[in-house]
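Using the sequences provided together with the hints, build the complete structure.
These protein sequence lines are chains V and S, in that order. Last residue of the first sequence: 254 (my numbering), numbering continuous. Last residue of the second sequence: 406 (my numbering), numbering continuous.
Each hint should be verified, as a subset may be incorrect.
Anything over 12 Å on all C-beta distances counts as not near chain V; from chain S, calculated [to be verified]:
no. : residue
1   : 70
2   : 227
3   : 290
4   : 328
5   : 349
6   : 369
Derived pair list, reagent style DSS-like, types lysine-lysine, alpha-carbon separation capped at 25 Å [what the hints assert, rightly or not]:
no. : chain 1 : residue 1 : chain 2 : residue 2
7   : S       : 149       : S       : 122
8   : V       : 149       : V       : 72
9   : S       : 397       : S       : 355
10  : S       : 56        : V       : 149
11  : S       : 122       : V       : 149
12  : S       : 297       : S       : 397
13  : S       : 149       : V       : 149
Think of the hints as simulated: they come from the structure by calculation, not from any bench. Keep in mind the model is a prediction, meaning the values are calculated, not measured. The beta-carbon is built from N, C-alpha and C at its ideal position, and this holds for glycine as well.
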Amino acid sequence: MSEETLITGWPDLASLVLSFKLAAITTLVLLIAGTPLAWWLANTRSRFKPAIQSLVALPIVLPPTVMGFYLLVLLGPYGAIGSWWVELTGSTLTFSFTGLVIASCFYSLPFAVQPLQGAFESLGSKEIEAARTLGASSPDAFFSIVVPLSAPGFLTALVLSFAHTLGEFGVVLMVGGNIPGETRLISIAIYDHVESLNYAAAHVLALTLLGFAFLILLTMFVFNRRLRRHA
Amino acid sequence: MHSEPQEQHRLNIRYALKRAAFSLDVDVEFAMRGITGVFGPSGAGKTTLLRCIAGLERPDSGRLVANGSVWEDTDARVSRAVHKRRIGYVFQEARLFPHMDVLGNLRYGQKRSTPVESAIDLEQAVALLGLGSLLGRAPATLSGGEAQRVAIGRALLRGPELLLMDEPLAAIDDARRGEVLPFIEKLHTDVGVPIVYVSHNIDEICRICDQLAVMDNGRISTQGNLQTVLLQTEVACLSGREAGAVLDAAVESYDSSDKLTHVVAGGSGLWVPGETGPAGTALRLRVRADDVSVCLERPRGTSILNVLDAAIERIQKESSGTALLHLRVGSNVILARVTQRSCNELSLSPGTNLYAQVKSIAVRNSLG
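Structure representation (structure tokens):
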């Protein structure tokens with residue numbers, strides 16, 4: 024059976040694939056961008072630290088619609104980022120997959136940064152100093168000492184960003200809308216099914232998401248226990 | 039980099055640094071050979087000094103020249119990065135990398151260093167520090183003494199031109215110190231790497247160092263040859279209960295029936311307990327001021343074996359009603375602590391000839 028027939032056979036599959044794709048890309052971006060940010064937060068004595076830390080944590084407490092609203096304004100064709108994007112590419116960020124990735128990165132940022140920051144803080148500087156006196160440059164010490172010793176933090180950051188992005192609704196609805204194959208994510212598909220009283224279809228998707236969320240959290244806790252035991 | 043010949047084998051340190059409740063202000067030259075002890079009470083700034091030499095901390099102003107090359111010069115805005123200073127650093131805690139086994143730890147520094155002639159290889163380090171049975175072990179399974187030996191090996195395999203040791207025995211319980219100290223002594227004789235050894239334990243210092251700098255309140259109060267510095271009893275931390283002299287001696291003969299060894303130090307014969315090696319073996323003796331008493335006449339019927347002809351060089355009164363006598367014995371000077379009342383009753387003064395009774399002598403084995 025080709026992908027085409029699969030999708031026509033079960034239209035929600037496109038939403039499922041899209042959600043996973045979004046979560047994977049967001050997680051990748053966040054691990055790359057969130058690591059230096061978390062490192063800075065863990066080590067800085069700057070007076071801006073509390074402010075930056077609060078900004079990073081905002082998505083945890085803000086209603087997703089508030090974040091979604093501001094992101095919509097920011098990414099829209101007349102917004103700061105959106106207008107620049109239109110000039111650069113000719114297309115708008117809002118109601119596009121790229122716009123969703125940008126929005127998700129903001130929304131899931133604390134779920135990547137906080138576990139990493141915690142891991143870096145609890146590691147302290149002792150082993151790093153030892154590595155430096157043994158001839159390791161700062162980046163060398165980071166990759167040979169900090170990364171392996173912070174493995175549980177990286178795993179937590181990865182799982183939480185992925186799972187959190189997979190489950191988001193308010194922000195993506197505001198920024199992405201409901202375009203099948205482009206911005207119609209699994210959570211939006213579930214909402215649609217419920218609206219149209221198609222509970223059976225909603226059940227299938229909701230159960231898939233529930234099962235998956237439980238599975239990756241379980242994997243994380245099992246692995247983290249093992250990693251801690253070895254460290 | 040261009041280097042002046044007179045700067046070879048020298049470590050020139052000039053640092054000024056201010057922290058909230060502490061300031062460091064030193065201007066000192068250490069020999070880049072042998073073991074230089076840095077001794078002083080906790081909080082004196084010994085660790086900060088060592089961290090500055092390593093580059094782990096930056097002075098507010100200052101200059102550091104090692105073997106003729108400039109590692110730090112705040113005026114010229116020169117500061118060599120930590121990993122580019124060829125040092126080995128042994129911390130108070132071993133700081134082994136928990137995600138690597140012992141072998142991985144040992145190789146970490148070695149892999150990151152260009153091979154140099156003076157460096158020892160893995161096999162030598164393992165043999166020197168007795169690490170053979172530990173190579174596959176995880177750091178978490180090692181005893182404190184074992185872990186610190188691995189840390190020393192790891193630092194040595196970096197091929198350092200200077201080894202910095204910051205109270206390497208402080209975190210190890212007394213019973214296990216013996217698992218490490220002899221190995222540190224061997225570093226000096228077998229590897230020849232110069233060591234700066236920080237400690238607040240005068241016994242350790244006396245046992246292994248040949249140069250000594252005393253630090254107090256962020257400053258170096260005195261510095262020089264170990265024997266000479268130990269006699270500067272005006273320096274607060276050298277005048278307390280641990281005041282004493284260190285003598286270099288050589289074994290002459292062993293009396294197996296009484297289990298005593300006769301040794302000669304500076305022309306005077308002494309008996310020390312136990313068998314300490316064949317004739318000619320170099321020994322270091324430590325004689326604490328509290329273990330020496332004096333008599334104006336040669337004592338008779340005393341249980342004390344070591345009674346030495348001595349002359350008072352000077353008398354230093356102490357606030358506690360005691361006095362430290364500096365006694366010339368042959369070519370050495372030892373210290374004796376007596377009460378000021380005894381001083382007066384015996385009319386002791388510089389030049390007085392008398393007999394020193396040495397109640398106990400601590401013997402350190404050869405430093406080669």
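Hints and how they fare:
At the 12 Å boundary, the C-beta of residue 70(S) stays outside the reach of chain V, the nearest C-beta of that chain being 17 Å off. Chain V leaves residue 227(S) outside its interface by the beta-carbon criterion, the shortest separation being 24 Å against a cut-off of 12 Å. Non-interface status of residue 290(S) relative to chain V is upheld: no Cβ of that chain comes within 12 Å, the nearest being about 44 Å off. Every CB of chain V is more than 12 Å from the CB of residue 328(S) (nearest about 39 Å), matching its label as outside the interface.
Non-interface status of residue 349(S) relative to chain V is upheld: no Cβ of that chain comes within 12 Å, the nearest being about 49 Å off. Every CB of chain V lies more than 12 Å from the CB of residue 369(S), the least distance being 42 Å, so the non-interface label holds. Restraint check: the Cα-Cα separation between residue 149(S) and residue 122(S) comes to about 14 Å, which is no more than 25 Å; the hinted pair holds. For the hint pairing residue 149(V) with residue 72(V), the CA-to-CA distance comes to about 22 Å; that is within 25 Å, so the pair holds.
With a C-alpha separation of about 22 Å, the suggested pairing of residue 397(S) with residue 355(S) holds against the 25 Å cut-off. Distance check on the hinted pair: residue 56(S) and residue 149(V) sit about 22 Å apart at the alpha-carbon level, within 25 Å; holds. Only pairs whose Cα atoms come within 25 Å are accepted, and residue 122(S) paired with residue 149(V) is accepted, the gap being roughly 18 Å. A distance of roughly 17 Å separates the Cα atoms of residue 297(S) and residue 397(S); the hinted pair therefore holds under the 25 Å criterion.
For the proposed pair residue 149(S) and residue 149(V), the alpha carbon gap of about 20 Å is at most 25 Å, so the pair holds.
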